[in-house]
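Dock chain A against the given chain W, drawing on the hints supplied.
Protein chains: 2
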Amino acid sequence: MPKKIFFTPGPSALYFTVEEHLKQAMRDQVMEINHRSSQAEDYFRTAVDNLKSLMSIPEDYSIFFLSSATEIWERQLQNLVVENSFHYTFGAFSNRFFNFAVTNGFSAKQESANFGELPNTSPDLIPNDTELIGVTLNETSTGVSFPVEDIYKIRAQHPEKLIAVDGVSAFPSIDLDFSKIDSAYFSVQKCFGLPAGLGVWVVSPKAMAAAEAKLKSGRTIGTYQALPNLFKNAQKAQTTFTANVLGIYLLSKVSADMLEKGIDVIRRETSYKAALLNHMVDSHPNLEHFVSDRSVRSKTVTVANTVGDSNEILNKLSKKGFVLGNGYGEYKGKQIRIASFPTHSKEQMELLVDVINDII
Amino acid sequence: MPKKIFFTPGPSALYFTVEEHLKQAMRDQVMEINHRSSQAEDYFRTAVDNLKSLMSIPEDYSIFFLSSATEIWERQLQNLVVENSFHYTFGAFSNRFFNFAVTNGFSAKQESANFGELPNTSPDLIPNDTELIGVTLNETSTGVSFPVEDIYKIRAQHPEKLIAVDGVSAFPSIDLDFSKIDSAYFSVQKCFGLPAGLGVWVVSPKAMAAAEAKLKSGRTIGTYQALPNLFKNAQKAQTTFTANVLGIYLLSKVSADMLEKGIDVIRRETSYKAALLNHMVDSHPNLEHFVSDRSVRSKTVTVANTVGDSNEILNKLSKKGFVLGNGYGEYKGKQIRIASFPTHSKEQMELLVDVINDII
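First to last, the protein sequences are chains W and A. The working numbering puts the last residue of the first sequence at 360; the count rises by one with no breaks. The working numbering puts the last residue of the second sequence at 360; the count rises by one with no breaks.
Bound conformation, chain W alone (with noise of 0.2 Å):
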C-alpha cells in the first residue's frame, strides 16, 4: 500500500529525514546505550544547543527534556506558581491547562473566549497577584493564535510575573523573543515532525529562581521533576529519568537538518503555505473559516467548517493519501484540521489544495 501523507495536527507527518535518521539509530546502537553514558550526553548537549540556535533561546536559558507537553503543564504549577495563576481560554488545549491548575488547588483565573476566537488579551486583566500567566501561541483544537506583539505588552506591563508559553504545534514555526517569556514548551510529534513522546521545556533564569523561592519556603515542588533537580541533571547533559534516548537523538538530528535548511526559510514557507490554505477556504463554495477574525488565524493549523459531515471528507481523502484532522470534540464531523509543518513541503501543499478542490 502507498504510504499516506499526514497533514493531522499532531501526530503528525514526520520529518522527511526521520526515516534516514532512525536507520542510522539502529547502526549505532542508540536505543541500547546507557542514558548517562557520554553519547547520550552527546545526543543532549547537541539537541540543546541546535534548539537555542534555531530559536534564538538566551544563553542563560535552560531546555529540560520531560515526556510530554501534557506533562509540563502538571510540572510548571508545581514548581513555579504557590497559590495564583492566570490563563487566557480559547480552546481545549488552553482550558485543560487552566483545569490542571483548578484540580491541583491553584487559584486559577481566565479570561475566556468562544472556541475559534482570541479572549481580550488587555494586560489590565491580569490581576496584580499573579504568579503566572498562560498563554498558548497556537490553540491547535481551533486554529486560533495568541500574537506575539500581544504577549509583549503583557511582558512590559507585568516585568515581575511569569509568562509561560504553550509552544506545541507553534514553535519553531512561529517567531517569538523567548527573552520576553519565562517558561516555555512543546512536544515534538507537531512541528517537528518526530514520534511521540518527548517534551521540551525552556525555562528562563527568573523561572528557576521562583521555583527555588517556593522550595525555601517549605513547600513542596516535586520530586524527580522539580527543577533544581532538572537544572542539577541538565548541567550533565542528563535526564532526570531514564527517558527516550531515540526521541533526543532524532530531535539533535531533525534540528541540524532545520538549521541547515535555515530558519527563516521555514518560516517563509510557512507563510506561503497558510496563505493557500486560507485563500482556498475562502474561494471554496463548501468550505468557511472557523476563525473569522483573518488576524488571529494560525499559520500551522487550518480549522474550517464543512458543509456536510465532514468525516465523509476525509475519508474520500483519506483513500487518495492525504489524512487531515477531525473537528477537535464537539465539532467532530463539522470541521477539517489541516496541519501545516516545516515538514509539510509548498508542492505537497499545492497537491493537497487541488485534491480538495477537486473532491469537495
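Each hint should be verified, as a subset may be incorrect.
[What the hints assert, rightly or not] Result set (DSS-like, lysine-lysine): computed pairs, CA atoms no more than 30 Å apart in a straight line:
| hint | chain 1 | residue 1 | chain 2 | residue 2 |
| --- | --- | --- | --- | --- |
| 1 | W | Lys214 | A | Lys216 |
| 2 | A | Lys334 | W | Lys232 |
| 3 | A | Lys332 | A | Lys109 |
| 4 | W | Lys334 | A | Lys236 |
| 5 | A | Lys23 | W | Lys316 |
| 6 | A | Lys23 | W | Lys320 |
| 7 | W | Lys109 | A | Lys216 |
| 8 | W | Lys3 | A | Lys23 |
Worth flagging that the hints you see were computed from the coordinates, not collected in a lab. All of these numbers come straight from a predicted model, not from anything done at the bench.
Quick look at chain A alone, frame taken from chain W:
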C-alpha cells in the same frame, strides 16, 4: 564497526526482533497515526492482552501506559496513599521510591538493609496504619531479589493493605502471582528489550478503589494521571496524553514474540543463565559475589566485586564487543553488573563467560 552486545542492566540489548518491528513500524506509519485512532487503540489493546497472558495477570486488573517507572513511583503515592507508606529499602531504587514519599510529605517508614543484603522481610514489622507497602522485586543497583514467597506472607498477614511491587528488571522473567498484590510496574528497556520511554503500570481493583476513596475524601490525586482518568481512557484503549505510540506498538509485538517462545522457556533459560553466571563468579579468582546470600541473588542482574578497577575490565570487554554494567553509585569502579534478560541467548551468555574468563 561491528555491533556490540549490551549486557547492561537497562537500557540493555534490544529484544532480537525489535529491528524488524521498527522497520515494519515505518512501513505502517506507526509514528504518524493519531494516538486516538483505531490503529493506535489496537496496539494498546494487543499490548494489554499479551501482557496479561504472558504474566497471568488477572482479567479484572488494569494496565496503563505512562512515561517511566520513575513517574509511576510518584503516581502511586499521589493516587494510593493518604498518609502512611512502608518501604523495604536495600539499594538505590528502593531508596529513591522511599525518598519520593518523604519529599512529598508522606509519613514514610522503612525497613532497611545494606547494599547487597535483603532487609528483614517479617510481616510483623509493618505498622498497622500502613496504607501501601513498597516491595522491590529485583534491586537493579545491587543484584538482590526479594523472594516472592515473602511477598505472599506479607499479603496473608496484611490482607487489607496495598502491596506495590517494583518489577523493573524482573518482569516477565520472574514469576509473580499478581492476584496477591495490588500495584506493579516496570519500564520496558530492561527485560522486554525495548527502547526507553515507556512505563507500564498494573493496578488491581482494590487499588482503584483506594484512589477513588482518596478522591472522595476531598484530597487531590493528580490530574491526567489520576487513576480514574487512566481507567476511563484505558476503557477506550487510549492513553491519557500523547504517549510514546511507537513504544506501545513495539511492546505489543515483543510481548507476542515472547508468548510464542513461551514464558516457561524464558524462565527456564533465565535460571540456566543465572546458574552459569553464578558459577563463573564463584570459580573466578578475581571476582567475588556482592550478594553473599545465594538465596536472594537476582536471576536477572548478577553483581560481582572485582579485584582492581572494574573500569579497566569493562573497557577491555567493550573492545571485544561486550558492554557490561559498572557498579552503581559508590560501587562504580569496584563492581561489574551483568544483565541476563530474555533477549540474551544461552549461547551469548556462554560466550560472555568464556571471554570474561579469558580477559580478567
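Now the hints, each set against the structure:
no., hint, in the structure
1, W:Lys214 x A:Lys216, "holds (28 Å)"
2, A:Lys334 x W:Lys232, "holds (25 Å)"
3, A:Lys332 x A:Lys109, "holds (28 Å)"
4, W:Lys334 x A:Lys236, "holds (23 Å)"
5, A:Lys23 x W:Lys316, "holds (28 Å)"
6, A:Lys23 x W:Lys320, "holds (24 Å)"
7, W:Lys109 x A:Lys216, "holds (25 Å)"
8, W:Lys3 x A:Lys23, "holds (14 Å)"
Checked against the numbered hints given earlier, this structure breaks none of them.
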